[in-house]
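Engineer: If you want the building blocks of each chain, they are given just below.
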Amino acid sequence: MSEQVHNRLAVVRAERKVSRQALAEAVGVHYQTIGYIERGQYNPGLDLALKVARFFGLPVEALFSLEPFQPLTDEVYGRKQ
Amino acid sequence: MTATRYDRRMYAVMNDRRAAAVYATVTRRRVLVGAHVVLTVAGVAAWIGTVFGPGYGPAIVVAVLLLPWVLLTGMLNGSTRGLLELRGRMLDERQLVERDQVRALAHRITLWLLVAVVVAAGSYGVLTDEPLRAAVTPVLVGVLAAHWMMPLWVAGLRVKDDLVDDMGDIGEVGAGA
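Residue numbers (my numbering), protein chains in the order written: chain Z, 1 to 81; chain L, 1 to 177.
Rather than coming from a laboratory, the hints here were simulated on the basis of the structure. A hint or two may mislead.
[Stated by the list, open to error] No farther apart than 30 Å at their CA atoms in a straight line, the calculated lysine-lysine pairs in the DSS-like style are these:
1) Z/LYS17 <-> Z/LYS51
2) L/LYS160 <-> Z/LYS51
3) L/LYS160 <-> Z/LYS17
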């Protein structure tokens, strides 16, 4: 049974203002595949995950994780009680 | 392996979005698949009637059904973005996985369909004491059609809706910055 891989691709893509189509063309996949990854309906292979990370200039663990991601604002500023 | 001109042409055809509204939602795709199943069954029945029956009526039915059947087949292939029509080198890793899953599921469904046909034919033969020889060819043709079309029906039912891309045409901006 395959494990759920969490990702923050949609957040990073929105922040960088990159369309799914542009990202898909850059990493050599169909644009629908980016949507499937963002929705958690497909876990990318290692080479695709590395290509996506390289495209954004980020370490792969910044985009994909076996554990759920914390919101970025929490990571940057910390959650205020 | 390098894509040929045929590959690129087929890729463009299968990703042509002009008819996208027809298969944009799950419900519409289910209706499409249902209509395709009905047309296939009717077409095969009419074809069997043409070959084994006395009159020309079924041949006219086949001719009438052919065009809508081809159109629906094209729409289903469009909804899957050519999952079963494109060569493997034109599909990405997710599509190759999906194609394998579709084929495996279709194979399993066809297997159970065959089991049902065998049980039904055997039961009919035992209960009525009628020879089944005459039914062998029509049944085989029907099973062949189901075997041929099942992957397309399964693929059509498994397609997920497209997400709206809120970045629109600004996709090139700030890509790797």
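Engineer: For every hint, state whether the structure bears it out.
Structural biologist: The hints, checked one at a time:
At most 30 Å may separate the alpha-carbon atoms for a hinted pair to count; Z/LYS17 and Z/LYS51 meet this at roughly 18 Å. A C-alpha spacing of about 24 Å is found between L/LYS160 and Z/LYS51, which places the hinted pair at or below 30 Å, so the restraint holds. This hinted pair checks out: L/LYS160 and Z/LYS17 have alpha carbons roughly 24 Å apart, not beyond 30 Å.
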